[in-house]
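Knowing the structure of chain A, use the given hints to seat chains B, C and D on it.
The chain contents come next:
Number of protein chains: 4
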Amino acid sequence: MSDIGIGIIGTGFMGQSHALAYRAAGGIFPLTRKPVLEMVADNNEAAGAAAFRQYGFKRVTNNWRDLVNDPHIHIVSITTPNTLHKEMALAAIAAGKHVHCEKPIAPNAADAKEMLEAAEKAGVKTQVGFNYIKNPVLKLAREMIISGELGDIIGFRGIHAEDYMTDPDGVWSWRLDPKGGGGVIADLGSHIIGMARFLLGPITELFADLETVVPSRPIAPGSSERRAVEVDDIARLTVRFARGCRGSIEANWCATGRKMQLGFEVAGTKGSLSFTQERFNELRYYKVGGDPRHQGFTTIEAGPAHAPYGRFCVAPGHQIGFNDLKAIEVAEFLAAIENGEGANPDFREAWEIQKIVDMAIKASVTRNWVSIS
Amino acid sequence: MSDIGIGIIGTGFMGQSHALAYRAAGGIFPLTRKPVLEMVADNNEAAGAAAFRQYGFKRVTNNWRDLVNDPHIHIVSITTPNTLHKEMALAAIAAGKHVHCEKPIAPNAADAKEMLEAAEKAGVKTQVGFNYIKNPVLKLAREMIISGELGDIIGFRGIHAEDYMTDPDGVWSWRLDPKGGGGVIADLGSHIIGMARFLLGPITELFADLETVVPSRPIAPGSSERRAVEVDDIARLTVRFARGCRGSIEANWCATGRKMQLGFEVAGTKGSLSFTQERFNELRYYKVGGDPRHQGFTTIEAGPAHAPYGRFCVAPGHQIGFNDLKAIEVAEFLAAIENGEGANPDFREAWEIQKIVDMAIKASVTRNWVSIS
Amino acid sequence: MSDIGIGIIGTGFMGQSHALAYRAAGGIFPLTRKPVLEMVADNNEAAGAAAFRQYGFKRVTNNWRDLVNDPHIHIVSITTPNTLHKEMALAAIAAGKHVHCEKPIAPNAADAKEMLEAAEKAGVKTQVGFNYIKNPVLKLAREMIISGELGDIIGFRGIHAEDYMTDPDGVWSWRLDPKGGGGVIADLGSHIIGMARFLLGPITELFADLETVVPSRPIAPGSSERRAVEVDDIARLTVRFARGCRGSIEANWCATGRKMQLGFEVAGTKGSLSFTQERFNELRYYKVGGDPRHQGFTTIEAGPAHAPYGRFCVAPGHQIGFNDLKAIEVAEFLAAIENGEGANPDFREAWEIQKIVDMAIKASVTRNWVSIS
Amino acid sequence: MSDIGIGIIGTGFMGQSHALAYRAAGGIFPLTRKPVLEMVADNNEAAGAAAFRQYGFKRVTNNWRDLVNDPHIHIVSITTPNTLHKEMALAAIAAGKHVHCEKPIAPNAADAKEMLEAAEKAGVKTQVGFNYIKNPVLKLAREMIISGELGDIIGFRGIHAEDYMTDPDGVWSWRLDPKGGGGVIADLGSHIIGMARFLLGPITELFADLETVVPSRPIAPGSSERRAVEVDDIARLTVRFARGCRGSIEANWCATGRKMQLGFEVAGTKGSLSFTQERFNELRYYKVGGDPRHQGFTTIEAGPAHAPYGRFCVAPGHQIGFNDLKAIEVAEFLAAIENGEGANPDFREAWEIQKIVDMAIKASVTRNWVSIS
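Protein chains in written order, with this note's numbering: chain A, 2 to 374; chain B, 2 to 374; chain C, 2 to 374; chain D, 2 to 374.
If we strip away everything but chain A, and leave its shape as in the complex, we get (with noise of 0.2 Å):
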């Protein structure tokens, strides 16, 4: 087996993901190639020693420029803050390296289309962090709809929110920033917008209402000083989507008490799916039919049945946790490189998820409907 170099750039939440995914894949899944994390990249020195060390990566760097041209480096993995996802990674597009970034990978559309058509140009694969979609359920979700086993799709009524900015005198911070993070819709709303198009296809119209909630934040902890904030903290969509159902979409980091309620029901005319993330080894599913007296919604726990739940353990109901949806997404991107088959969700799907963000912004602005073109 031979070696395939990952450089990560970034130590916080998501560079933490990544180096563990990194490390974790090639004992879990048949890889051709083996994952070796060549180095790590933080402007904070003390925090690029630390991760370097913990993570066992070979060597630890503070310019982010070195990582990116590396030779020993294949594939550069993105997880610093949003505004500098794009320079990043025509960095390393043009050095010819496959790019794996975290979500959004830029702060709007055109942004996004300059990225992969840049990587679409020079060849390389990109694989984009949206890792909730990688669960054993959803592909099971995504199977039975796409099979028709739940029929003709009726409606799609999805949500993301949890409650890291319910309190008014949280810091402000760079997610708070337009340029920046983009607000609740870029940094939840892609989630769940990206999970329903993972499962219906191209949203293709909608209607929004983006509300900021707090509108100032003090700008250290205690400070008196407050910024304002000009992003949204909860976004309310109407969707029509390309396949003629329609739904309803909810990104909001100001729900009090939720800590990662991303979940969706959809119904067709032969059955319904409901899914919550906050138990995400489950998928509830009610069938259409049957004997009247055993009717009712069945709650399906993840297993051997549901790939590739099973590589991760041989029996039901172990269950797997949040950093092996991130295995999973190294694995696959990994596997996409090796086949030469695209990786998804790519820098494409990216592309057409941050058109949906931007579109929302848009039709809360203008109070109007907006097509998806």
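Among these hints, one or two may not hold up.
Lysine-lysine pairs mimicking DSSO-like chemistry, simulated, CA-CA at most 27 Å apart [to be verified]:
id: 1; chain 1: D; residue 1: K59; chain 2: A; residue 2: K59
id: 2; chain 1: B; residue 1: K59; chain 2: C; residue 2: K35
id: 3; chain 1: B; residue 1: K35; chain 2: C; residue 2: K59
id: 4; chain 1: A; residue 1: K35; chain 2: D; residue 2: K59
id: 5; chain 1: B; residue 1: K59; chain 2: C; residue 2: K59
id: 6; chain 1: D; residue 1: K271; chain 2: B; residue 2: K271
id: 7; chain 1: A; residue 1: K122; chain 2: A; residue 2: K87
id: 8; chain 1: A; residue 1: K271; chain 2: C; residue 2: K271
id: 9; chain 1: B; residue 1: K35; chain 2: C; residue 2: K35
To be clear about the criterion: a stretch of chain A counts as covered by chain D if any three or more of its residues have a C-beta under 8 Å from a C-beta of chain D, and this derived list gives those stretches [stated by the list, open to error]:
id: 10; region: 25–32
id: 11; region: 53–59
id: 12; region: 276–285
id: 13; region: 305–315
id: 14; region: 320–329
Just so you know, these hints were derived from the structure itself, not from any lab.
We put the CB at the ideal spot given by N, CA and C, even for glycine.
Frame of chain A, contents of chains B, C and D only:
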């Protein structure tokens, strides 16, 4: 204890519910006047006769006008299809009767206004059958919102979804007549709109997307002749409340597998609540603060701490049923009549709800935000 | 419809429950004779008077013997503390009345036997208030077991746990008198033992460990004088059924936080069921076989497919309440009287249950397996 | 960071689990020595070769004695069928290795004692794979019990039920050999017994009923030749703890539909806890007192407030998986070796658990209470 005579028009689902509630209320609540099932009216004589026998009415008629004008009747209960409500209610009001009417009371707000003005002018009391908000744990929810226990309200998400219209070969009925049932926004939407108002007060502005999922339906079981459906099967609303917060509302009678998904989630700066009628003896409550190791949603079980649960049972956890909600509605109406106070929800509240229903239809057609006057 | 006169002795929790049930049953069920609340008896005159007014009895007495011997009374309902049941029941039987008695009917099996023999000899019908098994979804559970849908039954786990005796400073009451309430094995244990028998038939052998958690209790609120507790607070049984399978049963009134944890899990070779009274309009069903991707427990919601739910409501998902279970019990008793059939559970069944209670106490004392004769 | 060499014997379910855990631990935890997968042993050469490749071991052998005696190996991990544990562990101890052994470590307490004495005499550290108790929310549960947050403990109910032996035509295996797996009391019972001890301390006395549900099984798939089963399929225990409270324990591998029903409910005078491994990132907590309107069980979601969850993910609600529990086990073992402290659970604890298993078998045969010495 003197008597108060009850006349019920209609003997279907709601006719039964009213009859059982008026029978039961006197045993459960400390009423000052005893409700007597004086007369039942149904133009279907067999149905009328069956109800007469089953519920123990004193008399039966196939002419509702006899009932409305009967001197022994003090309360007229109207449980017929929606199109008939107005004429019957106006006649009852003209005869000086208090009116207990099923929802929606009218096919549009203008008619509802006419009805409410007639009632207010005549000085009779009115009550409308939005029974779900009579739930003891929803009274608790409202109390927690009003008292400030949840802090400032941040957002609302409401839904009423069932599946009785999911089957494309389900037969055309009066519910599908725009001048009759008025579509799901009127049938189920009115419940969740009423619940939103019960909890959070007036809605001032809305956007809506109403959708007809099944374009035509058989005119009779198995018939190949189909009649066009001119009303909505799914309605998705984005709303703004007078108090400042915003929310979303879905009404859906094509929600495969859902039998009674009437629920909401409301978040505030100090706490949040989550509820579904599917488990309506429970209310989930998240309280901000306290020991971080113990944070989470608490599942409150209905008990004597939540009036008027204790009227039904002295022990917690025993649970009340749907018919008990209706008994609470009846008892509150009787108390309002006795005390000369306004019942709730009355025709005025029903008019407020109907305005939102009308504006949702308008917003969907115009594809624009609409203000509620 | 002729009348059938009801006399109720006792006006506490169960007195209310019986009164409401006899009031309600005639409206819900197609009875051939109309139950009339003829008389209520309580030696506490104020309590008797209050019940007389509240439930609409025709007459009230402070002497239960007057009630028992009243010629207009056909059914005597006994809802007093357990020690009083025998004397009252024997008197009612002697007067030729049908007897509806709360559980446990007697402090021991010998007394229960005397009562049942008197009733059978007199040819009167008896009914005992094990109301929880009147639940439509438990009728479904039993039906599935009997029909073989679950295959051969493998095992059973039953529990009835509440927390009303958890507080060590809770006051001593008649429930704590060995000749009175008889401890948790009699008070709650009889429910889950009865449910086990309802589902799986006779228990032939058992082992038990009965425990007094709180050794003494104040004789009055706040009193420093304490009286020794001579009965069990928690009972743990290991049982064997005549049909061949085995199981465990717990009765517990010191189960902190539990208000109505009456439930079971029963496994068979073709399926299994899981139930808790905390959500008693639901039954969880696992069916062996089928598509392995879809396996799991289905949450069946009570609906018209589960008789007699449809008598209460024509639509699924609306839910019945605790008092409705009691109305079903009453209706079945009235039907049994009318049809000359045996009611269920009757005094004979109550005797069977009491034998198990007695044997559990014996097994705990002797620390040995005990056979049920 | 120096290395610490790991040798793993066995490549089945647990062999994979150990390999993945030793791979992962160094990335997640701040270890002082880096675990290196030095060698894997399997007498099935193909299986050994596959594991060698998959998990990235340096070497592979079909002779476990080579592994045990290899000078680069400091920890020997034993994941073979139970009958083989003793010989392998003693050889590893004799070679001065620390031993990480799957549970049960031996077919009886006498053998376990011999193993623990050998380990203690040799001064090597031992760790046994009762991985479920490594759960962050169970550490919280234990902490709440020890700190007195639950008050005096009243009672315990524990269960470990799965369904992998439900099918009567499931093939005979080493698990069904009394000298091998030892039946469900050893296989699953040891987990819930260990969990009971982890939470509440020593068990001093027990009663048990062990049952063989399927008397014989095919010797091979589809074979008509059947071999008698001499071990228990379901074990029901009544237990008493040294601290004074009592409880029940069930172990069951014929629990149709259950994939991982490992759970408990523990009640105290100030609160109670409810847990099931089916949703092992949650702990349900009831706290006595406070506003009576708000009482109920709180569903605590695992998060950074529950160490070591934060090592896996900085955000709450993301969830850890089964393999992460094993990584915690490994990290704690490595820390114990490094710090010269005892690991937990070690061979001594495994011996304590095995004594209870042995006494359960004895109690079932003798049909009497048995004391645990």
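Going through the hints against the structure:
1. About 19 Å separates the Cα atoms of K59 of chain D and K59 of chain A, which keeps this hinted pair within 27 Å; it holds.
2. The straight-line distance between the Cα atoms of K59 of chain B and K35 of chain C is roughly 14 Å, inside the 27 Å bound, and the hint therefore holds.
3. Distance hint between K35 of chain B and K59 of chain C is fulfilled; the C-alpha atoms sit about 14 Å from each other, no more than 27 Å.
4. Distance hint between K35 of chain A and K59 of chain D is fulfilled; the C-alpha atoms sit about 14 Å from each other, no more than 27 Å.
5. Between the alpha carbons of K59 of chain B and K59 of chain C the distance comes to roughly 19 Å, so the proposed pair stays at or under 27 Å and holds.
6. At most 27 Å may separate the alpha-carbon atoms for a hinted pair to count; K271 of chain D and K271 of chain B meet this at roughly 25 Å.
7. A threshold of 27 Å between alpha carbons decides the hint, and for K122 of chain A with K87 of chain A the separation of about 16 Å falls inside it, so the pair holds.
8. With a CA separation close to 25 Å, the supplied pair K271 of chain A and K271 of chain C stays within the 27 Å bound.
9. With a CA separation close to 19 Å, the supplied pair K35 of chain B and K35 of chain C stays within the 27 Å bound.
10. With 5 residues having a Cβ less than 8 Å from any Cβ of chain D, the region 25–32 of chain A passes the three-residue criterion, so the hint holds.
11. Remark: the region 53–59 of chain A is confirmed as covered by chain D, as 4 of its residues place a Cβ nearer than 8 Å to a Cβ of that chain, reaching the required three.
12. Three residues within the 8 Å Cβ limit are the bar, and the region 276–285 of chain A against chain D gives 4, so the coverage statement holds.
13. Check result for the region 305–315 of chain A against chain D: holds, 3 residues qualifying (beta carbon to beta carbon below 8 Å, three or more required).
14. Here's how the region 320–329 of chain A fares: 6 of its residues keep a CB closer than 8 Å to some CB of chain D, so the rule of at least three is met and the hint holds.
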